[in-house]
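A.B. asks: In order, the protein sequences belong to chains A and B.
Heads up: the first sequence at position 54 corresponds to 54 in the numbering used here, and the numbers run straight through without jumps.
Heads up: the second sequence at position 5 corresponds to 5 in the numbering used here, and the numbers run straight through without jumps.
Just so you know, these hints were derived from the structure itself, not from any lab.
Every residue gets a Cβ at the ideal spot worked out from N, C-alpha and C, and that includes glycine.
It cannot be assumed that every hint is accurate.
Partner residues aside, some chain B positions facing chain A, computed with beta carbon under 10 Å [as the list claims (entries may be wrong)]: (1) 35; (2) 218; (3) 220; (4) 226; (5) 295; (6) 296.
These are the residues of each chain, in order.
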Amino acid sequence: MIEVRNLTKVFTSGFLKKTRIVAVDNVSFKLYDKAPTILTLAGESGSGKTTIAKLILGFIKPTKGEVLYKGKNIWKMSNAEWKEYRKNVQAVFQDPYSSFNPLKKIDDVLWTPIKKFKITQSKDEALELINKSLEAVGLRPNEVLGKYPHELSGGQRQRLMLARAFLIKPSLIVADEPVSMIDASLRANILNLMLDLKRKLGVSFIYITHDLSTAHYVSDQIIILYRGSIMEMGAADKVIYSPKHPYTKILIESIPVPDPSRRWRKKIVIPETRLEQIKSSGCKFYNRCPVKTAKCITPPPLIKIEENHWVACHRYS
Amino acid sequence: MYFIFFVIIILLKVFKADFLIFLEAGGIKGLPHDDTLLYVQELKAYYKTPNGLVKAVDNVSFTVRRNEIFGIAGESGCGKSTLAMAILRLLKPPGFINGGKVLFKGKNLLKLSPKELREIRWKSLSYIPQSSMNALNPVLRIKDQFIDMFKEHGIKKEEKEYEEMIKELLINVGLAPEVMNMYPHELSGGMRQRTIIAMAIALRPELIIADEPTTALDVVIQRGIIQLLSEIRRKYNIAIILITHDMAVHAELADRIGIMYAGKIVEIGSTYEIFKKPLHPYTDALINSIPILGVKKTLKGIKGLPPDLKNPPPGCRFHPRCPMAMEICKLQEPPLISINNRKVACFLYR
Numbered sequence: 001m002i003e004v005r006n007l008t009k010v011f012t013s014g015f016l017k018k019t020r021i022v023a024v025d026n027v028s029f030k031l032y033d034k035a036p037t038i039l040t041l042a043g044e045s046g047s048g049k050t051t052i053a054k055l056i057l058g059f060i061k062p063t064k065g066e067v068l069y070k071g072k073n074i075w076k077m078s079n080a081e082w083k084e085y086r087k088n089v090q091a092v093f094q095d096p097y098s099s100f101n102p103l104k105k106i107d108d109v110l111w112t113p114i115k116k117f118k119i120t121q122s123k124d125e126a127l128e129l130i131n132k133s134l135e136a137v138g139l140r141p142n143e144v145l146g147k148y149p150h151e152l153s154g155g156q157r158q159r160l161m162l163a164r165a166f167l168i169k170p171s172l173i174v175a176d177e178p179v180s181m182i183d184a185s186l187r188a189n190i191l192n193l194m195l196d197l198k199r200k201l202g203v204s205f206i207y208i209t210h211d212l213s214t215a216h217y218v219s220d221q222i223i224i225l226y227r228g229s230i231m232e233m234g235a236a237d238k239v240i241y242s243p244k245h246p247y248t249k250i251l252i253e254s255i256p257v258p259d260p261s262r263r264w265r266k267k268i269v270i271p272e273t274r275l276e277q278i279k280s281s282g283c284k285f286y287n288r289c290p291v292k293t294a295k296c297i298t299p300p301p302l303i304k305i306e307e308n309h310w311v312a313c314h315r316y317s
Numbered sequence: 001m002y003f004i005f006f007v008i009i010i011l012l013k014v015f016k017a018d019f020l021i022f023l024e025a026g027g028i029k030g031l032p033h034d035d036t037l038l039y040v041q042e043l044k045a046y047y048k049t050p051n052g053l054v055k056a057v058d059n060v061s062f063t064v065r066r067n068e069i070f071g072i073a074g075e076s077g078c079g080k081s082t083l084a085m086a087i088l089r090l091l092k093p094p095g096f097i098n099g100g101k102v103l104f105k106g107k108n109l110l111k112l113s114p115k116e117l118r119e120i121r122w123k124s125l126s127y128i129p130q131s132s133m134n135a136l137n138p139v140l141r142i143k144d145q146f147i148d149m150f151k152e153h154g155i156k157k158e159e160k161e162y163e164e165m166i167k168e169l170l171i172n173v174g175l176a177p178e179v180m181n182m183y184p185h186e187l188s189g190g191m192r193q194r195t196i197i198a199m200a201i202a203l204r205p206e207l208i209i210a211d212e213p214t215t216a217l218d219v220v221i222q223r224g225i226i227q228l229l230s231e232i233r234r235k236y237n238i239a240i241i242l243i244t245h246d247m248a249v250h251a252e253l254a255d256r257i258g259i260m261y262a263g264k265i266v267e268i269g270s271t272y273e274i275f276k277k278p279l280h281p282y283t284d285a286l287i288n289s290i291p292i293l294g295v296k297k298t299l300k301g302i303k304g305l306p307p308d309l310k311n312p313p314p315g316c317r318f319h320p321r322c323p324m325a326m327e328i329c330k331l332q333e334p335p336l337i338s339i340n341n342r343k344v345a346c347f348l349y350r
């Protein structure tokens with residue numbers, strides 16, 4: 001459905017654009033439309049995961065590479081195709097507050113797409129659809145309709161964004177940290193809602209998160225990003241249960257387990273590096289890697305090590 | 001001989017759960033304890049708003065013992081940060097303390113004069129704030145921020161001696177000594193957090209209140225900070241009140257945990273008991289809503305939303321969301337009662 005090919009985004013700043021920050025560096029992956037899939041882009045801050053989301057949604061133009069939807073480059077689409085793309089690919093953002101117009105009522109968020117994409121024939125039908133989609137995400141219509149965004153809680157706003165996505169019935173939802181600002185008890189509900197949308201309506205997701213526990217809970221595929229490059233990619237169970245890249249291993253070992261009988265036994269020390277210390281050539285993880293060798297000063301290619309499992313590390317080449 | 005030894009080890013492994021509870025229980029017996037460091041008694045901290053009084057901390061009581069990590073868990077808006085501010089007397093208007101006592105080594109912090117309070121802060125009681133990113137002065141070098149704090153507490157020394165002290169502190173929290181000559185903006189988030197921890201332990205306090213010390217850090221950096229907190233507790237015999245919404249961090253660090261819901265403490269128990277045998281339905285629901293990496297189970301969320309503290313529901317504040325709610329829960333507020341060295345506020349355990 002979506003294919004990302006050699007995607008690169010460089011941000012420049014300063015006089016004569018001297019400061020270059022490579023946010024996304026030669027990233028390629030595919031999301032098939034054979035079966036609805038939840039694909040996770042996981043990484044720490046600065047890994048480029050949000051930039052990839054923005055590139056897929058067409059908010060920013062890639063420096064190099066392309067985003068293909070059903071084989072077509074999204075930047076070379078006709079107006080009609082672009083409109084179709086915007087209908088089929090919806091976004092849910094990290095901070096649901098900034099995605100609403102504070103001066104307009106909640107109803108507006110739901111009416112706009114109905115009008116714009118001409119989803120329903122009559123007003124009654126539209127109202128019914130609005131009620132149905134609000135109920136689908138666990139909101140009571142009489143509790144939210146007619147209110148302003150600031151009158152809702154963070155969790156309610158987040159669900160409202162999902163309700164809006166539900167109403168348009170897209171084939172793909174790009175969700176950027178949709179649960180990071182939500183408490184555990186509500187977070188579980190939203191994650192279950194994502195799974196429901198996938199199973200019952202066949203919606204695929206690109207789920208962007210820093211949290212591997214929730215990623216493993218919902219996803220079929222996981223991509224581990226570090227400083228703009230893919231470190232490891234594959235079936236969620238393979239990446240989580242048998243991680244191959246040293247970075248993935250450290251990441252998984254660093255996640256505290258909510259179980260006091262499984263406390264950490266040993267201490268691990270991983271050097272911290274600041275952005276400017278990253279060398280542009282070679283493996284991105286070089287500075288922090290506990291098992292680096294002389295080979296690692298050249299960039300490792302992404303190698304397929306088994307069915308549906310790729311890793312970018314010289315130890316497997 | 002070896003065989004018997006072997007059997008004992010196997011038995012210990014099998015009964016580890018109960019064995020651990022047995023150990024925990026041994027330390028609790030009969031409160032208030034001799035080694036009580038902090039005793040918070042019926043503390044009330046409210047906010048005045050145009051729409052009414054928000055009872056963010058309502059009748060909260062608990063004790064913290066010497067050298068223990070006491071976790072305070074709960075979701076956003078449950079009053080855990082207000083509780084920290086009230087104990088430290090840093091609550092700013094419209095917030096105010098509406099009664100209760102905070103006994104620190106027997107002295108009521110709420111009755112101290114500003115001068116007495118200043119002497120206690122940093123020296124016996126220090127604080128790691130929620131947004132430690134902003135807690136450092138951006139125009140002062142790290143070294144000067146330490147020196148200011150030393151001077152404030154009457155430690156007068158030569159520049160060289162100060163530098164020696166700072167160097168040792170920085171090394172103890174895993175930072176390079178050169179950090180002292182840097183400005184806060186030159187440090188990464190994790191390094192700033194370590195600097196704050198170095199300042200918090202500089203004057204060898206007996207209690208540190210840490211408010212979300214690991215939130216907003218990347219997981220790998222977070223692990224470093226969790227390890228560091230555990231180390232300084234052991235090394236300097238410090239007690240820590242660890243406030244975080246992240247139950248996994250509590251599981252890793254805390255000795256005992258108090259669970260807060262809508263301004264009240266609903267349960268207090270050892271970390272092991274809280275996770276393995278929760279008593280309060282809210283604690284149980286909270287534990288069951290967190291995913292464990294590598295364990296595939298269906299998560300159960302909690303239906304409904306946390307109450308509006310301006311107008312909390314009558315009776316037990318959790319009853320509208322509680323799967324076990326009874327008639328009495330809507331009418332009366334459950335008191336915090338003791339059951340086998342644990343505490344719970346729920347009518348299921350009358």
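A.B. asks: Each hint: holds or not?
C.D. replies: Now for the hints, and whether the structure bears them out:
1. A cut of 10 Å between beta carbons decides the hint on residue 35 of chain B: the least distance to chain A is about 22 Å, and the hint is violated.
2. For residue 218 of chain B, the shortest C-beta to C-beta distance to chain A is roughly 4 Å, which falls under 10 Å, so the interface hint holds.
3. A hinted interface residue such as residue 220 of chain B counts as satisfied when its beta carbon comes closer than 10 Å to some beta carbon of chain A; here the least separation is about 5 Å, so the hint holds.
4. About 7 Å separates the beta-carbon of residue 226 of chain B from the nearest beta-carbon of chain A, less than 10 Å, and the hint is met.
5. At a threshold of 10 Å, the smallest CB-CB gap from residue 295 of chain B to chain A is about 9 Å, leaving the interface hint in force.
6. Below 10 Å, beta-carbon pairs count as interface contacts, and residue 296 of chain B has one with chain A at about 8 Å; its hint therefore holds.
Of the numbered hints given earlier, the model fails hint 1 alone.
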